[in-house]
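*Asks:* Letter by letter, the chains look like this.
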Amino acid sequence: MSGRDYLRISGSPLVAQAAIDFVADPAHGAADLFVGTVRDHNLGKPVRGVSYDVFDGLCLTVFRELAAEVRARWGERLKVYIEHFQGRLDIGGVSILVAVSSPHRDESFKACRYLIEEIKHRAPIWKQEHYVDGDSEWVQGHALCAHGPADETIGL
Amino acid sequence: MSDSPDLISLQIRLFGAFRSFHNGPVQVSVAAGSQVAAIKAALADELKRVNGTFDKPALLAQSALATDSAVLADSDCLHADAQLAILPPVCGG
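Read top to bottom, the protein sequences are chains C and X.
Under my numbering, the final residue of the first sequence carries the number 157; numbering is consecutive throughout.
Under my numbering, the final residue of the second sequence carries the number 155; numbering is consecutive throughout.
Looking at chain X on its own, in the form it has when it is part of the complex (with noise of 0.2 Å):
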């Protein structure tokens, strides 16, 4: 029997700032019950792997997970597949 977690599979879409280094949607898998900063850290990586020239770690800090109907908050836990979008920083108006 495997000690390992079991895996969640996110579909990120990407919007703004983040468009610039891929327009996406990316896809990462994460351990079930992976909690916002954990699929950030995912994405970070997705996201250098799509795109060697990402590196903002202040964009990622400053932008929220959502899903089409809320903004998660750092706590939340994702147990099953989802799709997600990450925001930066918002502008409208």
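Just chain C, same shape as in the assembly (with noise of 0.2 Å):
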């Protein structure tokens, strides 16, 4: 990991002001945070938790993937901050952190929109619901394949 990433999996409770902390640079005017949360309900179903399952190893490259696409598109100067967190979360808990900050807010809201997107379609990270009712299901997802970059959809 560089000294302008910081990319992890954790078992631990995600707190947002580390990553504002990590990004913070004297060089860099524009600073975004996206804060991913557990909410409850889904496709019209009460939900009372989500368990998050991680393949570390795999996910860890590509974060770094994604860390350097972002440089090679909105500049080498981003400092980026991705954290997911594994295991079980109640309703209102934290699971992601993505930070990146930049000397002009465009490229950082940029950046941080197109991290957060490219996360949910490639990164090894699967979520199952744990509902009122007492059921669980793991969700529907995104296939994954042998490339690099999922999709243009975004629009960045």
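What the hints contain is simulated information worked out from the structure, not anything from laboratory work.
Treat the hints with care, since some could be wrong.
[Claimed, not checked] Computed footprint of chain X on chain C, listed as stretches where at least three residues anywhere in the stretch have a Cβ under 8 Å from a Cβ of chain X: (1) 115-124; (2) 129-143.
[Unchecked claim] Ranges between beta-carbon positions, derived for each pair: (3) C:104 with X:107: 54 to 64 Å; (4) C:73 with X:120: 31 to 41 Å; (5) C:107 with X:112: 49 to 59 Å; (6) C:135 with X:141: 25 to 35 Å; (7) C:27 with X:136: 40 to 50 Å; (8) C:36 with X:69: 41 to 51 Å; (9) X:132 with C:43: 27 to 37 Å.
All C-beta atoms, glycine included, are put in the ideal place defined by N, C-alpha and C.
Relying on the hints, combine the two individually framed chains into one complex.
*Replies:* What follows is the structure in structure tokens.
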């Protein structure tokens, strides 16, 4: 991990301030932070928690690729923080933090949005929702394939 | 001299929905040079052996095989023992 990247899978509670502190840089006038949290419903079913399963080794490889991609697209000076939770969270728990800082705001907005969208499509992470009625279900997702950036659909 | 192909041994970790059937990993043997489709077929057989309720051809078809560092393409061949993972469709974030 370079000094400009913090990329981690964690079983401990994620702390947004840590992401903001990491990307802080006196030469940067902008920082964006995305916080993903567990919501209390999905597809009409009341949810009481979510368990996250992660293939750590490959996931960190994908995070490194993504950090390189945003630097190639929006500048070498970007600082990048990606941390994903592994384990079970209750409603409101923080599942992911993505933060990016850059000299100007346009780059950090775009890079932060790119990172979270690509993580959803490419990082080997799975959610098992636990419902109020006691049932649990693995959430349908995006099939992986053996190539780089997933798509151009987010229009950045 | 035997005409049977050399066999390789693959240890396959299970993630996501596959954990509902077995917490893994599972071990399969396939012919050296096998491609992803043959490995998935062997995995399906092994999952049925360890859990008779496994019957998820669509899940297996949508899933990818991977090493610790890369997702395998359908055309990739394995020639030696390896540790792999079977990755159902992902939904992080």
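*Asks:* Give a verdict on every hint.
*Replies:* Against the structure, the hints:
1. Only residues whose C-beta sits within less than 8 Å of a C-beta in chain X count toward coverage, and the stretch 115-124 of chain C has 6 of them, enough to reach three; the restraint holds.
2. Coverage of the stretch 129-143 of chain C by chain X holds [criterion: at least 3 residues with CB-CB distance below 8 Å; count 6].
3. Between residue 104 (chain C) and residue 107 (chain X) the beta carbons are some 56 Å apart, a value that agrees with the proposed interval 54 to 64 Å.
4. Separation of residue 73 (chain C) from residue 120 (chain X) is about 36 Å and conforms to the stated range, judged on CB atoms against 31 to 41 Å.
5. Between residue 107 (chain C) and residue 112 (chain X) the C-beta distance comes to about 52 Å, which sits within the given range of 49 to 59 Å.
6. Under the hint 25 to 35 Å, the C-beta atoms of residue 135 (chain C) and residue 141 (chain X), about 47 Å apart, miss the expected range.
7. The hinted window of 40 to 50 Å between residue 27 (chain C) and residue 136 (chain X) holds, with their beta carbons roughly 49 Å apart.
8. Here the CB-CB span from residue 36 (chain C) to residue 69 (chain X) is close to 49 Å, well matched to the stated 41 to 51 Å.
9. Between residue 132 (chain X) and residue 43 (chain C) the C-beta distance comes to about 31 Å, which sits within the given range of 27 to 37 Å.
Checked against the numbered hints above, the structure violates only hint 6.
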